[in-house]
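J.: Given chain A, work out where chains Z and D should sit, using these hints.
Note that the protein sequences, when read in sequence, are chains A, Z and D. All residue numbers in the first sequence are consecutive under the UniProt record's numbering, ending with 299. All residue numbers in the second sequence are consecutive under the UniProt record's numbering, ending with 444. All residue numbers in the third sequence are consecutive under the UniProt record's numbering, ending with 222.
Source of the hints: derived by calculation from the structure; they are not laboratory data. Here a beta-carbon is modelled for each residue, glycine too, at the ideal position from N, C-alpha and C. Be a bit skeptical, because a hint or two may be false.
Here are some of the chain D residues that sit facing chain Z, going by a computed Cβ distance under 8 Å [stated by the list, open to error]: (1) P131; (2) P163; (3) V167; (4) V174; (5) Y191; (6) V209; (7) L210; (8) R215; (9) G219.
Okay, the calculated beta carbon distance ranges per label pair [said to hold, decoys possible]: (10) Z:D275 with D:H42: 38 to 44 Å; (11) D:V28 with Z:D124: 24 to 30 Å; (12) Z:G71 with D:V28: 54 to 60 Å; (13) D:A133 with Z:A74: 36 to 42 Å; (14) Z:A156 with D:A133: 29 to 35 Å; (15) A:G26 with Z:R400: 23 to 29 Å.
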Amino acid sequence: MTHGAAITVDGLIHRYGPRTIHDGLGFQVHEGRILGLLGKNGVGKTTLIKILMGFLAPSAGTCRVLGEPSHALSAATKRRIGLVFEGHLAYDFMSIREVERFFSAWYPKWRRDVFHDLIDRLGLPLTHRIRHMSEGQRSQVVLGVVMAQDPDLLILDDYTMGLDAGYRRLFLDYLIHYARAGRKTVLVTSHVVQDMERLVDDVIFLRRGGRVLHTSLADFMATFRHYHLPHEAVPHALPDAGETLHAVEREADGGVSIFAFHDRATVDAALRRQAVDPSALEERAMTLEDAFVGYTGRY
Amino acid sequence: MRPRSPQFRAPQSRAPLSRPLGWLTLALLLTGVSAIALPRLYDLAFAVDVAPTHLFYSPVREAFVFREHRGNHAFTYADEHGETFDRQTFEQQIPFIYYRNMALWGLLPLTLEGRTFDADTIRDARQVFELKAREIADRRPSIAVYPLLESNPGRARLRFPEDVFRMTDNRMEFLNVDVNRVDAALTALFTEALTAEGFAFPARLVAGKPTILKPFDEGYLIVDAEGVVFHVKRTDGQPRVVRTPIPADLGRAIRHIKVTENERREILGLVLTDDDRLFLLRAEDYGLIPLPTDGYVPDRMDAKLLINPLYPTVVFGDDAMVHAVAMTPDFDPVASYSRPVPGTRGLPHDVVAGALFPFTLSLDDHGGAFLTWRLDGHGWAGLIGIAGSLLLVLGMARARRAPWRAAAPVVALVALTGVFGLLAALLVPWPRDDRASLAPRPAT
Amino acid sequence: MPALFYKEWLKLRPVLALLIAGTLAFSVYLFLSVRHQFRIEHAEMLYYQANHIGRLFYEDLRYVPLVTGVILAVAQILPEVQRGRLRLSLHLPIGLAPLVLAHLLIGLAALGVILALDLAVLALTIGTFFPAAFVASAVTTALPWMLAGVAAYLGGALALLEPDRRVQAANLVVTAGVVWLCHLSRQYGAYDHALWGLAGLVALMAPAVLLPAHRFRDGGGR
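Bound conformation, chain A alone:
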């Protein structure tokens, strides 16, 4: 499709007083894609997600969601967007049945089956109040509500927070199945990067200073590599990161990790140019989390 962008961010600028958080940020999320928004704390991830969800008007630039400015969505467009807020926000004073009765009134396409499929697994009576639920139980109700809305676009802000491994897995499995089966567009953030590996098609890395990398997960994992230089082979002066070497980090054991979007030969050549002997260099396998840390840096 030609106008297949579910989210378009262009020239986005946001400032809090004198602090500039985003300065000319731009990217697109295409329909039907699942995108992970990754970045360490303090790079403006929260600000961006607020803008995307429509709870912060950007200082300048555009942020369009399903074709409308995100902070001035029409009712019809809001109906097509499902939001999961950080901490699984819900109306504590409602019971499960009341939650369904309330939210289903707003969504003509309400999927009762989807809601109850998820809820039934909790094994809770429908009269159970959200207030009395664990974080994990509440997260299932929240996911059930959002999925039952049958939205075209889902935005999930740190769905993993407060969930134990079991509920995280449950949440993720449902989300993956639901998104793939329904060709939904999904934008997620999470502290647990490794979950993303199973979920997302694309990733956006936000780095300090507003640098952005938007790529497919497969491409990223295929091209981004981790090389390790053991302690004995490490020269007195660490090689500089630059054109070829994305990042150079000293490990706790004295060895050095080198991250690059290049094959062994190119990295070897770059090291030699800096008078470092690459013969002891070895490539190591990476999880997404390793790659995330390697790409964004530890500090």
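T.: Below, chains Z and D alone, put in the same frame as chain A:
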């Protein structure tokens, strides 16, 4: 006709009106509240004391004398020709007022115009009738339920009956206060007595003094539907109704009757008409004695009639002017005098307030019993405060780099309301220009 | 829109029950306190005090609507702003203004029920011991107190929805100003000629809530 481009229309229809509406109402609210509160706080902090001018007719000098407040609790005593006195001399000019001091100073008996007055004759002749603006029936809330006292109590003090009456559309209805129920017998008794005298229901006005803290009881003067004034009393438990000879056309114009129940029993009370005429109502024959009160504005002024053996004087005024008319014992005008009251006008306190506040909004009883809204403009001086406030708000707009669209309503508010709007500009977040970010990107 | 009524009903149910119970308890107290007066003093003296001296036998009611308004605002709006929960409603397929005004309307309707109950209790109590003219006077005297309750409710909404502390304080000052204007006189019937202006001022507070609501949505929500 120029076609409208859809790009032009779209942001127009999407710009939410609710935000500017929220700003406007909150800003107006703050402006309104500060237009009431700030001048009050200012007065609380800087107000200077004022006191009314006391004006009398001196039978000694045959001229008006007065006591005037100069500020800081200092007073000037003088006569209308500019001669000033000390306080004691002043009091000696009006011996009928200060007759007790006169006696102390050994100046009684006193001979004036060939007549001799001692303390007793002065005291016996002295009567004071007063009608304050706040007393007038339609200027104060009231509950139209009245006790009709036994006017012949057979004992020294009056006491309240265990019933009250109210005038309904067709009867004078008595209620027993212990059980809060209609007393049918008493109701019938009084209603019949009224009807027998030709009373036309419903009553237009009921006037009396429903207290036992008075020497005797004269009951009520009740104006009927046609303007006839009836005098109703309860004597030995029985109704005593007098159809007074007051002409009905005058009766229909009666605005207020103050029943005075004065010891001398010569005067039943004061009668005020819609056209601001003030009368004394004679007890003997219900005759009305007009008082020479030209320029009397009952809604604003208090009126006082000081009766003494030689020159009964009526004094009336507000906080700006005081007027007095001296009369013969038969209430024929002899001399009159008016004098401005030195108020706060022109004092630094007042000048600063006038310049600082372009207007004052007040919710106040203005010395009465009802709270009323009033908007007082402060004239051209107010432009000074507006100009200063405008400079400040324009400076704020510059400092904030506020876009014209956001600043314009704020500046307009300040231009209209001065310092009050400035307060709103400081405290209420300015309307933001949402349109910039809503507008579609320009086609390249 | 009926769904919003449903949500607010679920949320406010317990506090409404509490407020109604409180009102009933207060009404018993009010009735007994007036009856007590009639037991220890002669009725005709009490009539004299009520009418001529201007003693208000129902003076204890004065600040009850104010407290009711504050409680209702807190009960309705605090849960919405805690953790930015209002974002859930703001994302519902409905515009911000209708959403916010519907919430206020529901709150005001609930408040109206309680204030009407207050007035009914007042009328019944005074009407038991005094004739109708006293009842009318008591009700008109209590009307500005009721307006103070409405002002307190709307002021609570103004302050609670506002994300910025300083603006929150300013909104509270405005509210305090309006509430103050509702309690200027101790004279019965003093507001008989001023009530409409006062009601207009209080009414301005309702659309004013749209500003903090917008500010909440455009950056205040956590």
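J.: For each hint, tell me whether it holds in the structure or not.
T.: Here is how each hint holds up against the structure:
no., hint, verdict
1, P131, "6 Å, holds"
2, P163, "10 Å, violated"
3, V167, "6 Å, holds"
4, V174, "5 Å, holds"
5, Y191, "6 Å, holds"
6, V209, "7 Å, holds"
7, L210, "3 Å, holds"
8, R215, "6 Å, holds"
9, G219, "10 Å, violated"
10, Z:D275 with D:H42: 38 to 44 Å, "43 Å, holds"
11, D:V28 with Z:D124: 24 to 30 Å, "58 Å, violated"
12, Z:G71 with D:V28: 54 to 60 Å, "55 Å, holds"
13, D:A133 with Z:A74: 36 to 42 Å, "48 Å, violated"
14, Z:A156 with D:A133: 29 to 35 Å, "32 Å, holds"
15, A:G26 with Z:R400: 23 to 29 Å, "28 Å, holds"
This entry does not satisfy hints 2, 9, 11, 13, going by the numbered hints stated previously.
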